[in-house]
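Participant: The primary structure of each chain is shown beneath.
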Amino acid sequence: MKTPKPGTQSTITNSIRTLRHQHNEMTQQDLADRIGVSRQTVNAIEAAKYAPSLEVAFRIARVFDKAIEEVFQFHAP
Amino acid sequence: MNASFEEKSVWIHLVCVLGTFILYCLVAWSMLSSGVDTLMPFVGVFLSSVVLLVILLVAGHLLAAVTGRIEKPDERDRLIVWRSESNSAWMLVVGIFAAITAMLFSLSNVWVAHILILSLYLSQTMQYLFQIRYYRRGV
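From first to last, the protein sequence lines are chains U and Z.
Just so we're on the same page, my numbering is the position in the first sequence counted from 1, plus 518.
Just so we're on the same page, my numbering is the position in the second sequence counted from 1, plus 3.
Read the hints as simulated data drawn from the structure, not as lab findings.
Incorrect hints may have been included.
As the list claims (entries may be wrong) - If you want the footprint, here are the derived chain Z segments under chain U, 3+ residues with CB under 8 Å:
#1 7-21
#2 66-78
As the list claims (entries may be wrong) - Once the Cα atoms are required to be at most 20 Å apart in a straight line, the calculated DMTMM-like pairs of lysine to aspartate or glutamate come out as:
#3 Z:Lys11 / Z:Glu74
#4 Z:Lys11 / Z:Glu88
#5 U:Lys584 / U:Glu543
#6 Z:Lys75 / U:Glu573
#7 U:Lys584 / U:Glu564
#8 Z:Lys75 / U:Asp551
#9 U:Lys584 / U:Asp551
#10 Z:Lys75 / U:Asp548
#11 Z:Lys11 / Z:Glu78
Unchecked claim - Distance ranges between label pairs, derived from CB positions:
#12 U:Lys584 / Z:Leu125: 44 to 52 Å
#13 U:Asp551 / Z:Ala68: 12 to 20 Å
#14 Z:Leu26 / U:Arg577: 43 to 51 Å
#15 U:Asp551 / Z:Val57: 27 to 35 Å
#16 U:Thr536 / Z:Arg86: 26 to 34 Å
All C-beta atoms in this analysis are idealised placements derived from N, C-alpha and C, irrespective of residue type, glycine included.
Bound-form chain U, shown alone (with noise of 0.2 Å):
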């Protein structure tokens, strides 16, 4: 599970390049094409550099057949 680097203002973590793994090994090319985003787009969101809109969080979580909440993680301040 990817965790925001101490001191940024980031609380939401993802567990996205885990469920990728356990997915066959799928690419983050592969991922990024089904939910309408770019490569780069989820390599930022792993890397808790971005966080998604409701909408790709929903389509990550579909591709995964997993909860929003077994994918993203929110951590309160």
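With chain U fixed as given, assemble chain Z onto it according to the hints.
Facilitator: Just chain Z, lined up with the frame of chain U:
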């Protein structure tokens, strides 16, 4: 370069805008130094720099398209553009107020026009720098 087409496009814009602006400044400075104090001779130089800018942008984007994958802007690209525009728009506002102030002090139209051109270029350059920062460090 491990960048999306949109990020490459920002780099192309930054390099081309800076290049043509520096070129324009060199020519304009030499004209001012030689005593040109009416606006019309500068219009031709400015339009030439704009045409050169368009040619360079088209060539740069063609190169980026040939060497990489073309993708439509996604939600992250749009958010980056919005934030960068929001963060850099003040520079244009400062330029407009500076131009109005220059008019109040009866500076020539040449200087008023160049204050506006300078603020336009600085605002655009700042926007591209913000965009690159957001692409590299996150948004």
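Participant: Does each hint fit the structure? Answer for all of them.
Facilitator: Outcome of the hint check:
1. 7-21: holds (count 4)
2. 66-78: holds (count 3)
3. Z:Lys11 / Z:Glu74: At roughly 11 Å apart (the allowed maximum being 20 Å), Glu74 of chain Z and Lys11 of chain Z satisfy the hint.
4. Z:Lys11 / Z:Glu88: holds, 18 Å
5. U:Lys584 / U:Glu543: Status holds; Cα separation ~17 Å.
6. Z:Lys75 / U:Glu573: Distance of about 17 Å is within 20 Å: holds.
7. U:Lys584 / U:Glu564: holds, 16 Å
8. Z:Lys75 / U:Asp551: holds, 12 Å
9. U:Lys584 / U:Asp551: holds, 18 Å
10. Z:Lys75 / U:Asp548: holds, 16 Å
11. Z:Lys11 / Z:Glu78: holds, 17 Å
12. U:Lys584 / Z:Leu125: 44 to 52 Å: Holds, at about 47 Å.
13. U:Asp551 / Z:Ala68: 12 to 20 Å: Hint holds: Cβ distance 19 Å, inside 12 to 20 Å.
14. Z:Leu26 / U:Arg577: 43 to 51 Å: Once the Cβ atoms are compared, 46 Å apart, the range 43 to 51 Å for Arg577 of chain U and Leu26 of chain Z holds.
15. U:Asp551 / Z:Val57: 27 to 35 Å: holds, 33 Å
16. U:Thr536 / Z:Arg86: 26 to 34 Å: Between Thr536 of chain U and Arg86 of chain Z, where Cβ atoms are some 30 Å apart, the hint holds.
When held up to the earlier numbered hints, the structure conflicts with none and fits them all.
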